[in-house]
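Q: Chains as they are written, first to last, in the working numbering: chain A, 110 to 513; chain B, 185 to 499; chain C, 18 to 191.
To be clear, the hints were calculated from the coordinates, so they are not data collected in a lab. From the three backbone atoms N, C-alpha and C, an ideal C-beta is built for every residue, glycine too. Keep in mind that a hint or two might mislead.
Stated by the list, open to error - Which residues of chain C face chain B? A partial, calculated answer using Cβ under 10 Å:
1. Val34
2. Gly41
3. Thr63
Said to hold, decoys possible - Ranges of calculated distance between the beta carbons of each label pair, as one might list FRET restraints:
4. Asp289(A) <-> His212(B): 27 to 37 Å
5. Asn145(A) <-> Val467(B): 23 to 33 Å
6. Phe382(B) <-> Phe422(A): 52 to 62 Å
7. His212(B) <-> Met497(A): 21 to 31 Å
8. Glu468(B) <-> Gly483(A): 40 to 50 Å
9. Lys134(A) <-> Phe424(B): 33 to 43 Å
10. Glu468(B) <-> Asn145(A): 42 to 52 Å
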Amino acid sequence: MAHFTKATSVKDWLDQRLAIVKVEKVMASEYWIPKNINFLWAMGMILAVTFSLLLVSGIFLLMYYQPNIDTAFYSVNYTIMREVDFGWLWRHVHGVAASVIFLIMYIHMFTGIYYGSYKKGREMIWLSGMLLFVTFSAEAFSGYMLPWGQMSYWAGMVITNLFAGGSLHADGLVEWIRGDYVPAQAFLSRFFMLHVILLPLAIMGLIGLHFAALRIPHVNNQDGEEIDFEAESKKYLAGDKAGSKVMRFGNDFMSKDMTIVGLYLVFFFYLVFYNYGFAMDPVNFDPADGLKTPAHIYPEWYFLWSYEILRPFSVDVGLIAFGFAQVIFFALPFLDRSPNAVAANRRGLFAIWFWVMLVNMIVLTAMGKLPPEGIYSTIGYVAALLFMAQWLVLPFITKFEKKV
Amino acid sequence: MKNKEPLIAVVVIFFSLVTYYLVEPYAHHVLHKEVISKNFAYADLPAITKTGDATRGQELLMGAGACVGCHSIEVAGIPATMTPHDAAAAYGVNPPDLSNMGVMYDEKFLADVIKNPSHAMMNEHMFDAEKGLMHPMPPFYGAGGDIDQEVADMVAYMQSISVTKEDVTPKMAYENACGRCHALEYEKWTQIGTHKNFKDKKDDLAYQIDFIKYKESITGFMGKLPPDLSMYIRSRGEHFISTFIEDPQAHLPGTSMPRVGVTADTAEKVIEYLKDAGDTKRVEREEIGQYVMIYIVIFAIFAFLWKRQVWKELH
Amino acid sequence: MKNNTRRGFMGKAFGAVAAVGAIGSLVAMKKTWDPLPSVKAAGFTTLDMSVYQENKLAVEKWRGKPIFVLKKTAAMVADQTEIQSVRDIVVDGAHYMVSIGLCTHLGCIPSYNANDKDFLCACHGGKFDYAGEVTKVPPPRGLDIPPFKIEGNTLVLGEKGPEYMKMKETGVTL
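Kindly generate the complete structure, drawing on both the sequences and the hints.
A: And the structure:
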């Protein structure tokens, strides 16, 4: 048994039992961050803050939401929006945060791709991040079901139908997922369960994994420099703060994180109070009607690019392309054959690959929302083919990349 | 080394805004037909050229015009002869009370609706005399004199008995112009009146039966049950509702929704009522929003000052 | 070496600003827990007092709780002591015992015996007379009288009329 002495202070009392001094060092003051990074490295903190906002607002929504197909719409639009004090605020925060968190995730992912932060021991960071992305997608989709509006119902119908596998006609699987022939009570109840317990638990576990994956390789930096963290941290602790290449996470980088979070929150709350329409689709304010499909049906913006990859092809090819798009980002660390873990602009062809990928995904996103007619249809088709072609050429262009 | 952060910020913001522009304003511009308001001018309807005589108009309404056969005029002491659901069973929809028509509806519309109801309401596609489909409101063919003068008299009478424009409440506007076809559950409005809290379950069930009968009649008349409008302010938005009220056919050619012919003022009040129903906390949202924005800017400033202090030693 | 946990002045100032925000959001959270307007609006029950029979206990419901209504016979009214009679609610000339039908000990519902004209709480054996006064412990006090207002021959529970306010001031009920 450990030896305990009479505590000299509350801090000491806690330290003897919980080693708080050590924990604080490991988590903050001696968690070393390179200095040559920019505000894009604050996206992780922004995601953590946004996830916290989702968690808190979700808890308060849960107090009044009723997962019943007859009362769900009413409980959201009447009880929460009209009756509950500040119910509207929780709902707007929740809806806007759910949408904005994907914007930040995409920025976070493209930052990782641009700086090659998925290579040289950082593969697990990328993979756990991709798992988080997929789980968040499922969380967003299941949450979208809950208000039981027209878009909830028809998105539920269409997305679950994907599991029929086209010509495979796995209707049994679709019915198993729904627990009914159409999205009905069983469907709503189980997606409610997924949204409020199973998926959030998975997300929190994955966040732990994502952070843990960061400890050994440390975060990347914008110059692709290999920093000797041990030597540099000694330098810092010896007092040469300015000369060291690293800084403490707390409070050195934390203060910058908070500055970026502050700016982000200005943008976020502007959306919550004054421009929330993009995150709360008007069509979903019509109650679910299983006998009437809305004139235009489209997923939330963050799913549009993969939805567009599904759309221009015949059902089976479309499903294969869609499946490809869903998993291909996982393979990025293994398809990139280059040894260079540096910014894309120093990597020759890869720089072109990166910018084309970014622009093409925006094009796919736009085409996914526009009606699949005329020129939009053609653009979407070409963009979908280009998307796949880019992944096919990636191993080749990176293999012949010069070492920098 | 040069600070690249401003450039990076520009790139990030640029691509975010492009994406936003494409999936929101641009996509919605493509997806939804743009209907421009004509400010409730009803330019297609002829202007009233004669000066109406309210006294003469009253005689016509009560006598030769035969209006009170179907319409009540509560302020003139003429109550409805039938319950709403019986009236709907007879005519398809409960005919409106005429007490405040004069202030809520455009006078050109009122004149035209008396002479040719389905023309004024733009639902001629629903009624074809040759097939025996008559508009439930028969046209007024004149009482022997100058028909334009007679119609002007009737309009003048309706205007003379109305409350003033200022006294029209959003609730009155909704109930008169929309409420006989559209329920508004969140304001406890049904097409046959405000749904009271009955203490006795039997009374409630009796009310429900009347309500169901009314809905059946109007469903038969309109082709489908006109939707509940509780959340329309969020699902359709102010601009859509306003232009739809003004000219339903411009949005949905062939819709059985008639042009209701309300004035711009009445339409505004209807929209205000829909906001009360579906966007109840809008004033609170604006107010709280200001405080939160002020706070969060202060938060960001203090975070920046903290960062500046901490980072002084790092360079 | 400087103490690394020292945040400096700006760090403390920032912490204070953040704390203000956290407290502000707590206010919103507290208000979200408040009873809904519809719950509060439903907190009134109107009783038509003309329907009750003498010495027959009726149980009504108000704010989810059982409400005892006992119309007293002339003999019951005459037999009452001063302490008992101040608890009477007189509507249209008739005397009533109206109370929340929960034992003041731990909240069980006592049952009425019309022959003995008293209430017995089965949980811990407490007893009350027909006026609602305690006759046998453990209940610490007589049955609580809900806020009421007399309107003609009806009684509105949830509103505070002058008769109720008087009972409250004189300590007849809590």
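Q: So, for every hint listed, does it hold in this structure?
A: Hints and how they fare:
1. Val34: With a minimum Cβ separation of about 4 Å from chain B (threshold 10 Å), the hint on valine 34(C) holds.
2. Gly41: holds (7 Å)
3. Thr63: OK, holds: threonine 63(C) within 10 Å of chain B, min 8 Å.
4. Asp289(A) <-> His212(B): 27 to 37 Å: Since aspartate 289(A) and histidine 212(B) have Cβ atoms about 33 Å apart, the given range 27 to 37 Å holds.
5. Asn145(A) <-> Val467(B): 23 to 33 Å: violated (49 Å)
6. Phe382(B) <-> Phe422(A): 52 to 62 Å: holds (58 Å)
7. His212(B) <-> Met497(A): 21 to 31 Å: holds (29 Å)
8. Glu468(B) <-> Gly483(A): 40 to 50 Å: Hint holds: Cβ distance 45 Å, inside 40 to 50 Å.
9. Lys134(A) <-> Phe424(B): 33 to 43 Å: Taking Cβ atoms as reference, lysine 134(A) and phenylalanine 424(B) lie about 59 Å apart, which means the hint is violated.
10. Glu468(B) <-> Asn145(A): 42 to 52 Å: holds (46 Å)
Of the hints listed earlier, those the structure fails to meet are numbers 5 and 9, in rising order.
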